[in-house]
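**Q** Okay, here's what each chain looks like letter by letter:
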Amino acid sequence: MQNRHSRALAVCASLVVFLAACSEETTTGSGSDASTTTAPKVVRECSEVDTIVECLPDGSLLVDYAPDIATEATGEALKIGTINQDTGAAGAFPELTVADKVAFDFLNQEFGGVNGVPLELITCDTAFDPQKSLSCAQQMVDEDVVAVIGGIDIWGDGIQVLEDNGIPYIGGIPVSFNAARSSVSFQFSGGIWGAVLGEANYAVEVLDAKSVAIIHAQFPPIADAAEYGKRYLESVGVEYKVITVPPIGADMVAAMNQAAESDPDAIIALTADSGCVPTMQTAKQLGLDATLLLTGACAAPKIIDSAGDDAVEGRIFNLEAELSDTNPDSALYQAIAEKYGPKHNFEQQGAGTVSFRSVMNMYTILRDLSADATNPDDVRAAISRESILEAFRATVDRPSFFGHPYTCDGNQLVDLPALCAPQQTLGQLSDGAVIQVSDWIDVGALL
Amino acid sequence: MGGGAAIALLALGLVLSFKASGVVNLAHGALGMYVAYVFFELRNFETDPAGKPGGDLVLPILGLPARVHLVDRPTVFTALLVTFVVAAALGAGVYGLVFRPLRNAPPLARVVASLGLFLYLSAVAKLRFVGETGQGAAAIQPEFPLPSGAVRIGDAVVPTSNFVIAVVALASTVALVCVYRFTRFGLATRAAAENEKGALLTGLSPDRLGYLNWILATTLAGMAVILIATDTHGIDPTTTSLAVVPALGAALLGGLSSFGATAAAGLAIGMSQSTLTTFQSNNQSWLPDWLSGGALAGALPVVVILIAISLQGSTLPTRATLLDRRLPRAPEPKHPVLACCAVATVAAVGLLTLDAQWRLAIIVSTIATVIALSTVVVTGFVGQISLAQNAFAGLAAFTTAKLATTYDIAFPIAPILGIAAAVVVGVVTGIPAVRVRGLTLAVATIGIAVAVENLVFNSPALLGISHIPRPELFGIDLGLRDVGDKNFRPAFGLFALALVTASAIIVANLRRSATGMRWLAVRSNERAAAAAGINVASMKASAFATSAFLAGVGGVLLAYELSSLSTDNFSIIAALASVALVYLGGIASIGGALFAGILATGGVLTKLNGGAAGGASQYQFAVSGLVLIIVAIFSPDGITGAASSAMRRVVDKVRSR
Chain A
1 MQNRHSRALA
11 VCASLVVFLA
21 ACSEETTTGS
31 GSDASTTTAP
41 KVVRECSEVD
51 TIVECLPDGS
61 LLVDYAPDIA
71 TEATGEALKI
81 GTINQDTGAA
91 GAFPELTVAD
101 KVAFDFLNQE
111 FGGVNGVPLE
121 LITCDTAFDP
131 QKSLSCAQQM
141 VDEDVVAVIG
151 GIDIWGDGIQ
161 VLEDNGIPYI
171 GGIPVSFNAA
181 RSSVSFQFSG
191 GIWGAVLGEA
201 NYAVEVLDAK
211 SVAIIHAQFP
221 PIADAAEYGK
231 RYLESVGVEY
241 KVITVPPIGA
251 DMVAAMNQAA
261 ESDPDAIIAL
271 TADSGCVPTM
281 QTAKQLGLDA
291 TLLLTGACAA
301 PKIIDSAGDD
311 AVEGRIFNLE
321 AELSDTNPDS
331 ALYQAIAEKY
341 GPKHNFEQQG
351 AGTVSFRSVM
361 NMYTILRDLS
371 ADATNPDDVR
381 AAISRESILE
391 AFRATVDRPS
401 FFGHPYTCDG
411 NQLVDLPALC
421 APQQTLGQLS
431 DGAVIQVSDW
441 IDVGALL
Chain B
1001 MGGGAAIALL
1011 ALGLVLSFKA
1021 SGVVNLAHGA
1031 LGMYVAYVFF
1041 ELRNFETDPA
1051 GKPGGDLVLP
1061 ILGLPARVHL
1071 VDRPTVFTAL
1081 LVTFVVAAAL
1091 GAGVYGLVFR
1101 PLRNAPPLAR
1111 VVASLGLFLY
1121 LSAVAKLRFV
1131 GETGQGAAAI
1141 QPEFPLPSGA
1151 VRIGDAVVPT
1161 SNFVIAVVAL
1171 ASTVALVCVY
1181 RFTRFGLATR
1191 AAAENEKGAL
1201 LTGLSPDRLG
1211 YLNWILATTL
1221 AGMAVILIAT
1231 DTHGIDPTTT
1241 SLAVVPALGA
1251 ALLGGLSSFG
1261 ATAAAGLAIG
1271 MSQSTLTTFQ
1281 SNNQSWLPDW
1291 LSGGALAGAL
1301 PVVVILIAIS
1311 LQGSTLPTRA
1321 TLLDRRLPRA
1331 PEPKHPVLAC
1341 CAVATVAAVG
1351 LLTLDAQWRL
1361 AIIVSTIATV
1371 IALSTVVVTG
1381 FVGQISLAQN
1391 AFAGLAAFTT
1401 AKLATTYDIA
1411 FPIAPILGIA
1421 AAVVVGVVTG
1431 IPAVRVRGLT
1441 LAVATIGIAV
1451 AVENLVFNSP
1461 ALLGISHIPR
1471 PELFGIDLGL
1481 RDVGDKNFRP
1491 AFGLFALALV
1501 TASAIIVANL
1511 RRSATGMRWL
1521 AVRSNERAAA
1531 AAGINVASMK
1541 ASAFATSAFL
1551 AGVGGVLLAY
1561 ELSSLSTDNF
1571 SIIAALASVA
1581 LVYLGGIASI
1591 GGALFAGILA
1601 TGGVLTKLNG
1611 GAAGGASQYQ
1621 FAVSGLVLII
1631 VAIFSPDGIT
1641 GAASSAMRRV
1651 VDKVRSR
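In the order they appear, the protein sequences are chains A and B.
Just so you know, the numbering used here puts the end of the first sequence at 447, numbered straight through with nothing missing.
Just so you know, the numbering used here puts the end of the second sequence at 1657, numbered straight through with nothing missing.
Honestly, I wouldn't trust all of these hints.
[Claimed, not checked] With a Cα cut of at most 25 Å, we get these calculated DSS-like pairs of lysine-lysine:
1) A:79 <-> A:339
2) B:1052 <-> A:302
3) A:79 <-> B:1486
[Unchecked claim] Simulated DEER-style distance windows between Cβ atoms:
4) B:1408 <-> A:372: 45 to 53 Å
5) B:1288 <-> A:314: 50 to 58 Å
6) A:439 <-> B:1412: 39 to 47 Å
[As the list claims (entries may be wrong)] Quick look at which bits of chain B chain A covers, simulated, 3 or more residues with Cβ under 8 Å:
7) 1157-1164
8) 1377-1383
9) 1479-1489
10) 1563-1574
Source of the hints: derived by calculation from the structure; they are not laboratory data.
The C-beta atom is built at its ideal place from N, Cα and C for all residues, glycine as well.
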């Protein structure tokens, strides 16, 4: 079906999850390979205790910040905002805001907030509306928040308002140009740009591809990311072909046929989440020989189930995480989700993990800023918009919650200064489990 | 081939419903989409006996239970049977409740009703098939037993399922040709379509024929979408519904009467799109850089359609097309300067005294008002149904942004050039309007909007435009942004307000002038207008130019308001919603435009509701669609028209005492 006449509303729904999973992969596998993920042992050991703080997994990002015993924060709170598309005719992603709430509950109830000062979450729903994005940002200004946790904001218009007011925009899913470029934005992901570079590099270096096809959805940030892929392939002298498809409802048969005409060794498909199943099934149906590389969102369990085992076997995805059965941050995440999630109906798998990473990374910065404070007033005095901005801009290889260390010097990926950790890992689906097939790829060094 | 056959299948249903009721049903794809979802949801089960049993019938009526469980794990046959019953009920219901009452209504009312149906069905499908499950796009996997595998034809690998769809399209075409040529039912339908009164006199029931044809059309649409969605492995409430656009082109090329020609046109459109896409991807080296991938495929068939329908049309309508009985009231504005200034003063006071959030809401409503005003001129005053107003606004916005950011062209030159670009395209859009009108023109303007989107908005040259320099005039900063609670500066709001107020006054005076009278004359009867010495073509062109100018003003303001521009700010869905709001307000009155502005998302009404779209937003489109249908049927003058009529009645009553 040729749906070339789309799409304001439906674009959003897909892109969001699509880019979400570019940042996180939590698929657990049952395969026998040592590098597949399984439930971390640490969590099982902690299941009998009352508080998580008493049995924090060794090596977790938060270990150095944990009190000896669980401590609840009280008193006047430090306001942190979050802007996210919680509702909307084109798709709703409340799990990001819910993840923020779960993380805040944990930090306030067990970590004593920030040196005794509780954190208060101010939420705002963009409802898939650019004007509401502006309105939400102004709400954050009016509420006098010290920082905003990013969520999913397809439009990203509000980020300009945050920039004008010097409010840090931390993490979330960088789906807009503003999120990837603003001077107050700090992203622990390579977004779609990192994904395409990582996959193109893998195709060239590991698959030894001489010809690569890039199929991308017609949406400005994705089209821009495809340009990054082209530039890299040009620079290494590999032939390429670019095929554009509508974000939703694309005729993947036609797209795959166009790709196949150049007899590519690898096909990188930058489709929205609704394009994942058609892409994988069409490739199988047409019997293409080329290796198919997709975005991490396509490895989501619900999509894998929908596509069927035959269609997903051997497909490669970007991950932005090291899969390991003993990852301490992953263990901590699951423990917190299990204890504090039910109150908010939080589902562990999905884009909420990105929010979690954002909150935890911000939290360690807040703690460092107020390390010398001896009372709540000193804490509040030490934590300001300016001090947070300064702290993030000074980061160099700072550990990230379940991700690659980040450096917010604005130079990690050309022309996308807000992407502090664009490095990628890739995973391959094999016998129903995701197996990590690459080490970290420093995509910033490719261009 | 698959794409072309799919377009042909949908187009056949469009011809059917047109034959039955004279309606070019913009919601035809949406009807098919809903029916297909019903089938897939019935079959959405797990084979494991302990797993999900499927077999749920999802009802499309808000207020009723969302789903009724019929049977565990239905077979394909059972599911199809239930689906066809649902399709029949839906087709009959839509005809009986929506289009039958509008049989003699002006084309605009029918277009608006089909828009309302489109919005309602796609919103309900989102709520009940996608949103409810929380699984987004992967919620339902379209599956119908089609052969798997593929065959190689030359360089292309063609899925076997494409051949099945092509055979179904061919068989449907042959069957429909035979039915409508050789059976009593078919001959009766043709007779009723040609002369309804005559058919009645000979004992035929146009109503019964209408019901039967709508049932057939909806069932065919459902079957088409089931096959297409299975073939492409995807279904989506919005984009699947929009598959009606190329199908409309095919149906128009078939003259909305010939099944054979329609099917052939569908195949031709699909194949030309495929050929152009391949051509563009194989010739990237010499094609201009600014052309986005898929631009030719998206745009050129539209151009072909426009040329075809323009050639088919005539400069003046025939007698048989003079169906309009009751046109929306176009009240002559009394004291327009006073009225516009009074409203502007209230808004200005709000801008100067209220907080930042209120200022933003007023600015949003102000901009939406001027875009709505453009619809009032071209559709309300001149009767030319244009769904390309957002495209005009987008052209002005993107042109302004590009000139200001890349070429450093300062304010106000950049926005003036932006508006000029919109006017040029507006006048070009008016060219088909000289020869086509009513529903055909609506389709043509959708086509133009699609072409602009593909050729311009998606161009790599316009990718990621942001940080447009602040507007400044005579040293006065007219920019929107500031820090803290000074943000959404009153200066920008007052600037926008001044532009929109001036526009409204100009439109009001135009309405009162000789030009306005000529516009209304063209709207009510083109032949009579021509007989009275009015140059119909130039009147239409002037209306399109004026409306594009107004939309351009709105687009320019948006360019300076939003920090970055995207195609989706000016999408077709947004255009449909905008027309819907103007119609609700009153399509032929300036008050209607103001009403649409107040109702715009993020505008004053949103703020009055507490500023949060929140929980209400998920029902917003469904309720809007429903209200639109009701207004189209019962109050073609819109809400402001109904209110002023009620007011007049009260005043008359008081005076008579």
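**Q** The structure should be examined with respect to each hint, and the outcome stated for every one.
**A** Structure-based check of each hint:
1. A:79 <-> A:339: Given that 25 Å is the threshold and the Cα spacing comes to 24 Å, the pair holds.
2. B:1052 <-> A:302: The given pair, whose Cα atoms are some 14 Å apart, holds under the 25 Å limit.
3. A:79 <-> B:1486: holds (21 Å)
4. B:1408 <-> A:372: 45 to 53 Å: Distance hint for residue 1408 of chain B, residue 372 of chain A holds at roughly 48 Å.
5. B:1288 <-> A:314: 50 to 58 Å: Violated - the Cβ-Cβ distance for residue 1288 of chain B and residue 314 of chain A, about 38 Å, lies outside 50 to 58 Å.
6. A:439 <-> B:1412: 39 to 47 Å: violated (55 Å)
7. 1157-1164: holds (count 4)
8. 1377-1383: Violated - the segment 1377-1383 of chain B has 0 residues with a Cβ nearer than 8 Å to chain A, which falls short of three.
9. 1479-1489: Holds, because 7 residues of the segment 1479-1489 of chain B bring their Cβ atoms closer than 8 Å to Cβ atoms of chain A.
10. 1563-1574: n = 10 at 8 Å, threshold three: holds.
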